[in-house]
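Sequences are here, hints too, so could you generate the full structure?
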Amino acid sequence: HREFLEQLRKLDGFPANVLDRPELLKLAMPALLADARLYRNYVYSEAPPLDLPIFAYGGENDPNVTAAHVEAWREQTTRTFTCRMLPGGHFFIQQPAFPPCLRRDLAG
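Mind the numbering: the sequence shown is residues 176 to 283 in our numbering, read in order.
By construction, these hints were calculated from the structure, which means they are not laboratory data.
Just so you know, not all the hints are guaranteed correct.
As the list claims (entries may be wrong) - In silico SDA-like links for lysine to any residue, alpha-carbon gap of 20 Å or less:
id, residue 1, residue 2
1, 201, 181
2, 185, 214
3, 201, 191
Said to hold, decoys possible - Computed beta-carbon distance windows for the label pairs:
id, residue 1, residue 2, range
4, 244, 187, 15 to 25 Å
5, 217, 193, 18 to 28 Å
6, 198, 227, 42 to 52 Å
7, 217, 238, 15 to 25 Å
8, 269, 217, 17 to 27 Å
9, 280, 177, 37 to 47 Å
10, 196, 251, 34 to 44 Å
11, 280, 238, 19 to 29 Å
12, 282, 240, 23 to 33 Å
13, 235, 193, 21 to 31 Å
14, 216, 181, 20 to 30 Å
Quick reminder that beta carbons are idealized off the backbone N, C-alpha and C, glycines included.
Here you go:
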């Protein structure tokens, strides 16, 4: 699991105090590995675009998910599409800018 843990460290979104404590890591590891398996095994299946607006968010400094990846969600709607790239990396939702942005978008 060493490589997996190093990837988590690089993404800088999982608490270091958990990664550095074997007893906490033992509790968290099954869920983390299950999440990684879901991601690895996911296969996109073509479907008609949704008839509803989509707001798509990404982190400006995410090394894995670029603005182009987030922008690709535009193809999944026949309605309005909004792409927002926010400060932070892969775990940008933990940054202070995300909650107010989401609230504004949901409020319309």
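Hint-by-hint comparison with the structure:
1. Among the hinted pairs, residue 201 with residue 181 is consistent with the structure: their alpha-carbon atoms are about 16 Å apart, no more than 20 Å.
2. Distance check on the hinted pair: residue 185 and residue 214 sit about 17 Å apart at the alpha-carbon level, within 20 Å; holds.
3. Note on residue 201 and residue 191: the hinted pairing holds, with a Cα-Cα distance of about 14 Å set against a maximum of 20 Å.
4. At roughly 18 Å, the beta-carbon separation of residue 244 and residue 187 lies within the given 15 to 25 Å, and the hint holds.
5. In this structure, residue 217 and residue 193 meet the distance hint of 18 to 28 Å, their C-beta atoms being roughly 25 Å apart.
6. Restraint check, residue 198 to residue 227: a C-beta distance of roughly 44 Å satisfies the suggested window 42 to 52 Å.
7. Distance hint for residue 217 and residue 238: a CB-CB separation of about 19 Å, consistent with the stated range 15 to 25 Å.
8. Distance hint for residue 269 and residue 217: a CB-CB separation of about 23 Å, consistent with the stated range 17 to 27 Å.
9. Taking 37 to 47 Å as the suggested C-beta distance range, the pair residue 280 and residue 177 conforms, at roughly 39 Å.
10. The hinted range of 34 to 44 Å is satisfied by residue 196 and residue 251, whose Cβ atoms lie roughly 40 Å apart.
11. Evaluation of the 19 to 29 Å hint for residue 280 and residue 238 yields a pass: the beta carbon distance comes to about 25 Å.
12. For residue 282 and residue 240, the hinted distance range of 23 to 33 Å is satisfied, since their beta carbons lie about 25 Å from each other.
13. Look at residue 235 against residue 193: about 25 Å separates their beta carbons, and that is inside 21 to 31 Å.
14. Take residue 216 and residue 181: their Cβ atoms lie about 21 Å apart, and the range 20 to 30 Å holds.
When held up to the earlier numbered hints, the structure conflicts with none and fits them all.
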